[in-house]
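Line by line, the protein sequences are chains R and C.
Residues in the first sequence are numbered consecutively from 1, following my numbering.
Residues in the second sequence are numbered consecutively from 1001, following my numbering.
Incorrect hints may appear among the rest.
So these bits of chain C aren't anywhere near chain R, every CB distance computed over 12 angstroms [claimed, not checked]: (1) D1128; (2) P1160; (3) A1190.
Covered stretches of chain C (in silico footprint by chain R; criterion: 3 or more residues with CB under 8 angstroms from a CB of chain R, positions within the stretch not fixed) [stated by the list, open to error]: (4) 1023–1033; (5) 1055–1064; (6) 1072–1081; (7) 1090–1103; (8) 1113–1120.
Note that these hints are calculated values from the structure, not bench results.
The C-beta atom is built at its ideal place from N, Cα and C for all residues, glycine as well.
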Amino acid sequence: MRQLMLGNAAVARGLYEAGCCVISSYPGTPSTEITEEAVKFPEIYCEWAPNEKVAMEVAFGACLAGKRSFCAMKHVGLNVAADPLYTMSYTGVNAGLVIGVADDPGMHSSQNEQDSRHHAIAAKVPMLEPSDSAEALAFAKLAYELSEQFDTPVLLKMCTRVAHSQSLVELSDRAEPEMKPYEKQIAKYVMMPGNAIRRHPLVEERTRKLIDYAETSPVNRVEMGGTKMGIITSSTSYQYVKEVFGDTVSVLKLGMANPLPVKLIKDFACKVEKLVVVEEMDPIIENHCKALGLAVSGKDALPMEGEFSQNLVAEKLGGAVHTGRSIDDPIPPRPPVMCAGCPHRGLFYTLSKNKVTVLGDIGCYTLGAVAPLSAMDMTLCMGASISAIHGFNKARGAESEGKTVAVIGDSTVMHSGMTGLANIAYNQSNSTVIILDNSITGMTGHQQNPTTGYNIKGDPAGKIDLEALCKAMGFQRVRVVDPYDLKATDAAIKEELAADEPSVIISRRPCALLKYVKHEAPLTVDTAKCVGCRSCMKIGCPAISIKEGKAHVDATLCVGCGVCEQLCGVKAFQSTKKEG
Amino acid sequence: METKNIMIVGVGGQGSLLASKLLGHLLMEQGYDVKVSEVHGMSQRGGSVVTYVRYGDKVSSPVIDKGEADYIVSFELLEAARWLSYLKPDGQIVTSTQQIDPMPVITGAASYPENLVEKMRSAGAKVDALDCLKLAEEAGSAKAVNIVLMGRLSHYFDLPDQAWQESLEAMVPPKFLELNKRAFALGKNA
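With these hints in hand, go ahead and build the complete structure from the sequences.
Here it is as structure tokens:
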């Protein structure tokens, strides 16, 4: 059956068809839908883990026990899980183990643009790299065969354009591989030095065998066309090359990013007049070619940063570039903003008003850095807010303790915040941590987490009590505040900053986009009362604008949260709720 | 057949994913190779969003580049203007006349350009502009702007109404089907 399918859904379908039984993942754009689609198959056990390291270790445990398993993460998540990955390369697997990792060239929804092929090379683990949904499905299945044949975890690398593009796939039935017997093998699975020393040569031997495989496998294929130019490419770059040049050039399309073939590349280079590598981000294939002594063009013409497109490839390599028309007016940008009714807004307004230094974290609340709130000083990676405030306060002492906070979401605190909290409690800094508890993992599109009380299927699950957790870690001052209540939020921040010991403020209100959250009637502005002072504009709500000198509320966006109302000195805002 | 390109542009949260699902289904059912490229994640939070729909005998790239779009379907006027350079010389814009101020306009750091429809026409673009929000509300929900736009777009396609109706039935939950059929008809006949 032919279907139009999202790349990530095609990976999930491939996992299903390969007989995968256990999936543990942490959400992260652009990888999230793999697990969200996989959970729709009752044959596969799926879960959201607290972070990628846990997810990968769960998948490892399941493969050790004898079932095909999987974990998915975004590129930066692979850094978190790098520790188990590098040693799983030594232990190898029992049943097949596949790791989905999704890069984000162009940084549509990420804090950096790192190229996860480096991890595959450094961990000495094979990596497959599909270029559309049909390959995503096929490569997910192939990855299990390679994993079991070569006794290795296999990385399946997606990128935003493959993960979030729909293209046609053909479906097959699910295979049900026999569960592998579990055998105690201390020399293979207990990686203490004496054993690891014996495993390392096997890893090098495996890489040599995988290079032999890469030479002849159909996963790497030559498409001969015109021989004036020969292009080595992979992933979505292959699609841009075909779009621009069709059959007028020859193409070596690499479906396996690690290890790279040697003879195949040398033979291809011999058949063409000019050799060019087209790859997004870092020059990994290009450097491999240079190490083989080949004259090759690549990053001398094409950029290291950002996504490619057909026009970019055409412009840099001499194809036909399309151009369009424009109007003379400057078009104002439309950056993402916190939604109308977002519970984070009241909190960030209060932080901004109090001129507090804010060490931020990863989530929707990173948008607190956007004008007019501009209430963030740093965002680095998951959990860094809490660790960094401790260092900041240790460095500056009392001077900063009273005017610096860390802000971190409920899911992020579960992911990487608890160890930072332990450090504050243990090494004793007078730091103030604000947990923005909106009862969901927001930015990635509403995934449950250990604090929400529900699992990936929406069924009731274990629920971690944030107040009890912080108290158990040694925080005596733990208080909860509703960020819609500006007065209470202001008091909480002032008091906890003034306190002479570490404290946690839990700013608690569910995300306004959650289906169960009931919205109030939209507000309206009494233009007779409004004096046009723009006080309400300080919160950066997308539902409020100034029309003819007076505040105006867009009724289609407003959810009646009432934060603007609290800033109005002349009581110009009114509810449109019908009386009685 | 040479690959045809449709861009769907708007503001995050306006419902472009359903519009692209509908088009994807419709074009696949006509036997075409189809690729649809979407935006998920941070940009969806009220930012400028774009979806690419490409179809033909064999589609390679999942994205549409400058000067390549046969159609730009826009939920919002400023977004139509933002993506104007992606239109082919003889391409067609189908846009709602709704205006949503972006944050730099709300804060007063920038202004919303005036008379955008006329300016785009002066630049040589064919522009079909209509108040889709009003028509969607007439159909029963402000959220049906996406389907009003699809109804309008169907004007420019040489496909039987039956094919569009079947894709609506396949892609829209039964509870909202009648509402969306009304929205489609209002857009088509406007």
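Each hint tested on the structure:
no. : hint      : in the structure
1   : D1128     : 17 angstroms, holds
2   : P1160     : 20 angstroms, holds
3   : A1190     : 20 angstroms, holds
4   : 1023–1033 : holds (count 4)
5   : 1055–1064 : holds (count 5)
6   : 1072–1081 : holds (count 3)
7   : 1090–1103 : holds (count 4)
8   : 1113–1120 : holds (count 4)
No hint from the list above goes unmet by this structure.
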